[in-house]
Each structure stands twice: as structure tokens, then as C-alpha cells.
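Visitor: Sequence:
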Amino acid sequence: MRIVKQLAVFLENQPGALLRVTEDLAKNEINILAISVSDTVDHAVVRLVVDEPKKAIHLLGEAGVLVVENDLVEVDVANDPGQLTRICKTLETIDSNIEYAYGSAPKDGRSLIYLRILKAESILEQLKSEISK
Numbered sequence: 001m002r003i004v005k006q007l008a009v010f011l012e013n014q015p016g017a018l019l020r021v022t023e024d025l026a027k028n029e030i031n032i033l034a035i036s037v038s039d040t041v042d043h044a045v046v047r048l049v050v051d052e053p054k055k056a057i058h059l060l061g062e063a064g065v066l067v068v069e070n071d072l073v074e075v076d077v078a079n080d081p082g083q084l085t086r087i088c089k090t091l092e093t094i095d096s097n098i099e100y101a102y103g104s105a106p107k108d109g110r111s112l113i114y115l116r117i118l119k120a121e122s123i124l125e126q127l128k129s130e131i132s133k
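Position 9 (the sequence shown) corresponds to 9 in my numbering; numbering is contiguous.
There is no bait here: all hints are sound.
Computed cross-link-like contacts, BS3-like style, restricted to lysine-lysine with a CA-CA straight-line distance of at most 30 Å:
#, residue 1, residue 2
1, Lys54, Lys107
2, Lys128, Lys5
3, Lys55, Lys5
4, Lys89, Lys107
Pairwise CB distance ranges, derived in the manner of DEER restraints:
#, residue 1, residue 2, range
5, Asp95, Asp71, 10 to 20 Å
6, Ala8, Arg110, 21 to 31 Å
7, Glu125, Asp39, 30 to 40 Å
Source of the hints: derived by calculation from the structure; they are not laboratory data.
Glycine included, C-beta positions come from ideal geometry on N, C-alpha and C.
Produce the complete structure using the sequences and hints provided.
Guide: In C-alpha cells form, the structure reads like this:
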């Protein structure tokens, strides 16, 4: 479990907008580790976890793309039923809330879950100790 940087990228809701972002990242050898896309009436919010967030922010900013950086908690869990329930119960006991979450595909029986939690850094140690019980 660790804190990772997420990039929230705001794009016009039009064909090719996400393509341009992914092409720019690929050309600059920035790997997308996790992605979530949600749309609104006039724009899309693309949430990315990448292997080089500072480089990606600079690159996208130069391209005129609005990027907001946030901390997420990355939780490595067994790909078994009830794992998210354990996390939610733990967060409830420490009076913390998940604003949003997304995950990665299972690999070798493990999955990564990305959680946006207010004050993530301050609760990380407590969360680690509670989940490891």
C-alpha cells in the first residue's frame, strides 16, 4: 500500500481527444498504469496513474491540456471476494470515506485498487495496520 499521484485530465467530449493524450504519452515513453474515464455534458475527466507523473504533467500542460494532480492510495489485494469490503470496513472504523475508486485487471492472483481518500497521507499508516490484521 502506498500513495501514488493521479492526473485528472480534462478533455473536450469529442472524437480523438483521448487518442491525442494517449499518443503523446506513448511517444514520450510514459506508461499508463490505471485509467478511469467519466463524461459530463461538455467534457470528459480522464483519471490516470502513470509511471512518470511529473513528466506527464509537463508534457500535457505544454499541449494545453488542463491537468490536476491528486494523491491516491494504491492497495495491492488478493483477487478474492470481499477484499473491497475489508477496505471499506477499515475506512469506516477510522472515520474515513472513499470519494471514488477504480482498479486494475488481476495479474498473478493480485489486483490494484486506487482509492481517492481525503487526507490519504495522514491515514496511510493506520490503514496499513488495520488491513494487515
